[in-house]
Each structure stands twice: as structure tokens, then as C-alpha cells.
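Protein chains: 2
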Amino acid sequence: MIASNSRFQRLRLCAIALLCWVSFAGPVLAQTDPLPSWNDGTAKKAIVSFVKETTTQGSPKFVPVPERIATFDNDGTLWSEQPIPVQLYFALDRVKALSPQHPEWKDKEPFASILKGDVKTALAGGDRAILELLMATHAGMTTVEFERIVTDWIATAKHPKTGKRFVDMTYQPMLEVLAYLRANGFKTYIVSGGGIEFMRPWTEKAYGIPPEQVIGSSIKTKFELRDGKPVLTRLPELNFIDDKDGKPVGINQHIGRRPVMAFGNSNGDQQMLEYTQGGGGARFMLLVLHDDAAREFAYGPAKGLPDVALGAFKQDLYDQSMKQGWTVVSMKNDWKQVFAIKKWSTTD
Amino acid sequence: MIASNSRFQRLRLCAIALLCWVSFAGPVLAQTDPLPSWNDGTAKKAIVSFVKETTTQGSPKFVPVPERIATFDNDGTLWSEQPIPVQLYFALDRVKALSPQHPEWKDKEPFASILKGDVKTALAGGDRAILELLMATHAGMTTVEFERIVTDWIATAKHPKTGKRFVDMTYQPMLEVLAYLRANGFKTYIVSGGGIEFMRPWTEKAYGIPPEQVIGSSIKTKFELRDGKPVLTRLPELNFIDDKDGKPVGINQHIGRRPVMAFGNSNGDQQMLEYTQGGGGARFMLLVLHDDAAREFAYGPAKGLPDVALGAFKQDLYDQSMKQGWTVVSMKNDWKQVFAIKKWSTTD
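Chains as they are written, first to last, in this note's numbering: chain A, 1 to 348; chain B, 1 to 348.
What the hints contain is simulated information worked out from the structure, not anything from laboratory work. Being a predicted model, the structure only gives us computed values, none of them experimental. Each hint should be verified, as a subset may be incorrect.
Note that identical chains are pooled: a pair holds if it fits in a single copy or bridges any two copies.
[Unchecked claim] Here are the simulated BS3-like cross-link-like pairs (lysine-lysine), alpha carbons at most 30 Å apart as the crow flies:
| id | residue 1 | residue 2 |
| --- | --- | --- |
| 1 | Lys52 | Lys229 |
| 2 | Lys332 | Lys96 |
| 3 | Lys229 | Lys303 |
| 4 | Lys222 | Lys244 |
| 5 | Lys336 | Lys161 |
| 6 | Lys323 | Lys222 |
| 7 | Lys229 | Lys61 |
Next up, chain A with everything else stripped away, as it sits in the complex (with noise of 0.2 Å):
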């Protein structure tokens, strides 16, 4: 029976092989541009040299395929954040959505001003109010049961000022690159400060990332039997932290190898580059600047920009950034085109 599996395989392989023997053959694919929202600059050009460096056989910089660990911070980066973070806006949903089950939240802060939509005097109280927001909406049922949760409010939600669903907020020209990446031997990692369980179930479809190769922060878990059945019960408890000095931490926890390439947009950033950096040898390091008030956001403060309570590219680390010789991308100059092309689609 083994036997006429394994046959089978081969038999696909082959068939396989024999395709990619007819479409060698042909020049088209061999000039496709693989950056294509991306306008020519030093950016797009740094990219490509440094794929191309680091992917030829017998260059000075060649890197094994095994470790080719390109690491990316999602909010920001791979999609937007502002106002808020799209994990916030989650959560805010969620305090609607739990009330009636909650009287006592009519009284009690951050809850009584969400409900009253005033969403500005709640998140006043800090990452306090935040962290009490995240346990109420975040805990309390089990990991299948949250996954359900999260998987059925993205497939809908929308962003209050572009209507756009916020999975259609994904950034093409970074898509390009993900899978630009992966066809060149690299295997791409989330590293986020947002929650690794909110970003598993629809990381795969919006990005090409699988569940096991997304890095969040958590909040502890317990296995227990639940009527009989073994589960996961989420608790309101802080696991780990995953942003600024916590990345490199999370880099080393879940995948044991430093990065070759670090994307990035903010100070949380920061540590995940360095330590990439840090490697010696060939290593690319690239910081995204929003400074696309037309397209999508402006913020910084770096270069001027309007400051931001969450997400902040400060004056200081642009400057480290040039002096590094880190990669920082303008979204307003480097790309063609910001929002993913292709909607995001639960059937893909």
C-alpha cells in the first residue's frame, strides 16, 4: 500500500517537472518584475541586491536555505494602524457584543465610555485601561472558541474612515515582497506586538504566513477537560509581551535562529533590527515611514510627521536607521500602489 502511495507521488512530481520543463522553455516569467507596486528607487533596489546577493550560489553573501528567516511586525507594516490598532477595534466590538451579559460595565471604566462610543476617554486611562479591556474581550473561553470569534468578525470589519474592511488593508507592495521572499528560499515570520492568537486565523489567507510561523503576544492558557473534552482555556493573565526588547526574545523562543531580514515601522521595531543586525554578515534591515496623508496615513514623528500614541516612528530611530544603513521606505515615493489589489476572501 506504501508502495503504490509513494509510486503515486512520484508520478505527480514528475508530472510536475514536466510543466515546469515546458515553462522554462519559455521567456515570459524569466522578465516578470517580482516588486511591481513598487517604484523604482533605492528602496525597491536595495531589496532585489540583497535577494539576489544572498540567493546565488557562490556569492560572498550566500545564505543556505535553512536560514533564510525573514522576520515582519504586522501593525504597521504589513497593514494599517491607525487610528488604532485593528486588534482594538476588536475589542471594542467585542465590549458591545458581551454588555447585555455585563451590567456592572455601565459604571465602570474604560467599559461606560466605550458603550457611550466615546472611545477616546477609555483608551485615556492607558495601557491600564488597555490591558482591561484585552482580558474582559479576550479571555474566559477556549482557544477554538476565540478562534471562531476572531475569524468571524474579520471576515466583516470594517476600518470607520476608509470603509474598506480592514483585511483589505493589507499593503500590496509588502505582499509582493512576502511572497518574492518565499520563492527565493526565505521563510517569513509575523513578529508582533498584537496577539498571536488574533492574528493565526487569518494570517495564512491575507498573507501567505501559516499559523506556525506567527510570533504575538499572549496571555496564558490552561489545558484542562472541559465536559470530558480537552481544551485550552484562555485566562486573564499576561504570557508574554512580543514588542520592542520582547522581539528578539520571541525570535529566539520560537524560531531558535536570528533573522536575515527585519521589517519594521516603529521604536517597537527597534530591538528586532538591532538583533537581526547584529548577526554580522549579510543582513537587511528596512523601517516603513507613513508619510501618505492622501493614501493612508501621515505619522511619525520622524521627519516632521504628526506624533501618534501607538505606533510612533521617532526622530531617533531615523537617525539610527541612516547611520546603520537601514533601509527606510517613504509608502508616499517607494509605492505605487498601497492597499492590497486582490480583496481578501475566506475561500481563497
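For chain A, the structure is supplied; the task is to place chain B on it using the hints.
Leaving out everything else, chain B in the frame of chain A:
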């Protein structure tokens, strides 16, 4: 430049494909037994049947490739763990190596007994003694330095009874299962109570399992600049214990999918197998019973075998296996060969 690189890769693929086509024409490979070190019996049959059912298109138990996750305990499942786990031998050797820098150890347990060669007394302090031993030998250096220490040690360290190197005491039948599963689209993971950073330096060469597919217990690390260089320093503080009900938690944290197959050998693996089975549908659970005193070690205490301090397979777990339909492997009866046939080499 990209075009020529892409062209080169296509050419390589086609060359591989032509070789494949030639070998397909021959009947030899198609008849190869994927598990030659397993005696024909219920265990071998169960493994082969399950793989066939879950990988045959159109089968009611078909599992898509991305969901083909197989998790393996390490100590006692993939290599020997008696009379004490290999990582403890490593810790004992480190105490001896570090003792000149720690004159105070002469009067302090568990170090004093270790330095006198009395391991039994040293470990009589139980979990507390082991924890102290691990922290003294596994923390204080960078992750890169620790990797080097492990790599150097594992290349030569030998088992006191068999005289074999520990890396040559991996189990040939399990190496065959790992290779067989990967050939059928399964992603193989280690999920061990052992230290994640102790395993990663050698699992790729020993098992074909890369660092990012190793899950284990860990201590905390801290990102910092040391002499201006960004490093992760290992702290003497527990981070996560990947044993018993920690195994499903670790699996969810690292993989984000429920395994389809799970392999273990002790009560420390019970919850991993329960969690795997709890996914419903096609699932495969297996436990190795060490009942071969002549070729390896015999311990349970299931089925009246001698009891052990670490790695016990208790009677209640055996009874649960029978009740739940888990496969229990008798090393004595199911395995033709116990230890790896090919010697481990750093140059493989």
C-alpha cells in the same frame, strides 16, 4: 539579475525532475519498506495504515498537507533517557568544568556531592536540587555562547553504561518514522520537557528537525547590548515547563494547530496525547514501552516493569491507552533494531 537567478533555479528543478523521471521508471524504490527496523505487527501496521488513510486524496480521513502536524516527545521516545536524562549528564559535566570558578560549591549541595561523584545524593534533593543545578549551569551566558557549549559537549559525550555517544543512542525505528512522515507531507516537531536551547544545536543533524520545530522547557532571556553588541542573555529564572499539561500549552503557543499524530513514552506525554485525540477525526497516538532490558532499558512500572524516578510509564496510562485505542509499542517485540544504524556526524 533576478531573471537569471530565477532561470537558474528553474533549471535546477528540471534537472532534479529528470532524475526523478528516470528513477520512477525503475521498480526498486516503489517496493521499499519505509519502516525496515520495525517487525511486522500491529504497531507498524497502525502507523502505515494511518499515514495511507490521511494522505490519500479522496479518503474519508484525508488531512490537507498544512494540517499534517506530528509531535514527538524526545527523552525516551527519540533517544535514551535512563538512568538519567542526557541533559542531566550535561549539567553534571558543566558543574565539574565550572567548579574552579566556584570554590563555594565544595560545601554546597547539590554541587558538593556531584564533585565527589555521588550523583545519587546530589539528586536526592529532588526538583529543587535539579532546578538549582540547571540554573547554575544553563544561565549567565548569551544564547550564542550556550549553543557553542552544547555543540562541543554533544559531539563527544558518552553514556556511562553503553559507552556509546548519546547522539548514537537515538532510536533507529523512530528515525524511520520521522523520515516516513516527512516524505508524506507531515511536519515533524519535538515537544519535550527538556530544554529547548539544549536540543536545538543538534536536532537537525540527529532527527532532521530544524530549530524552529523544537519546543521545550526554557529559562528567561533578556535582550541587551554587551560591549555594543546586541545579544540575548540567559537568566537564572524559569520561563516555561513543557511537560505534562504544559505540552498542549507549548504546542498551541508554538504551532497554533492541534497535532494529527503524537508520540510519547511516559506520563509526561499523557496530556499531549489527550489533546491530540481531542481534535476529533483522524488522530494517531503512540507510546513507546521500554521493555527491553537486553538491548536498552526496561522500565514502567506498567506491566510490572521496574519503576523509575524520571520517565515513568505508569499502569494507569497503559490502561488509558488500551481504552482509548492508542498504540503501545513494545521495544522488545516491535523493534528489530534499537539504536541508530548510522553514526551521528557534525559534517552530515
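Quick rundown of the hints versus the structure:
In this homomeric assembly, lysine 52 and lysine 229 come within 30 Å of each other (Cα to Cα) only across copies, at 27 Å, whereas the closest approach inside a single copy is 50 Å. Taking CA atoms no more than 30 Å apart as the test, lysine 332 paired with lysine 96 passes in neither setting, with 36 Å inside one copy and 61 Å between copies. When the C-alpha separation of lysine 229 and lysine 303 is checked against a cutoff of 30 Å, the pair qualifies only between copies, where the shortest distance is 28 Å, while the shortest distance within a copy is 55 Å. Taking the closest pair of Cα atoms, lysine 222 and lysine 244 come within 30 Å of each other both inside a single copy (27 Å) and across two copies (12 Å).
With identical chains, the CA atoms of lysine 336 and lysine 161 are at most 30 Å apart within one copy only, with a shortest distance of 21 Å there and 67 Å across copies. In the homo-oligomer, the alpha carbons of lysine 323 and lysine 222 lie at most 30 Å apart only across protomers (25 Å), although the nearest pairing inside one protomer, at 45 Å, exceeds that limit. Taking the shortest Cα distances, lysine 229 and lysine 61 sit within 30 Å of each other only across copies (21 Å), while inside one copy they are farther apart (51 Å).
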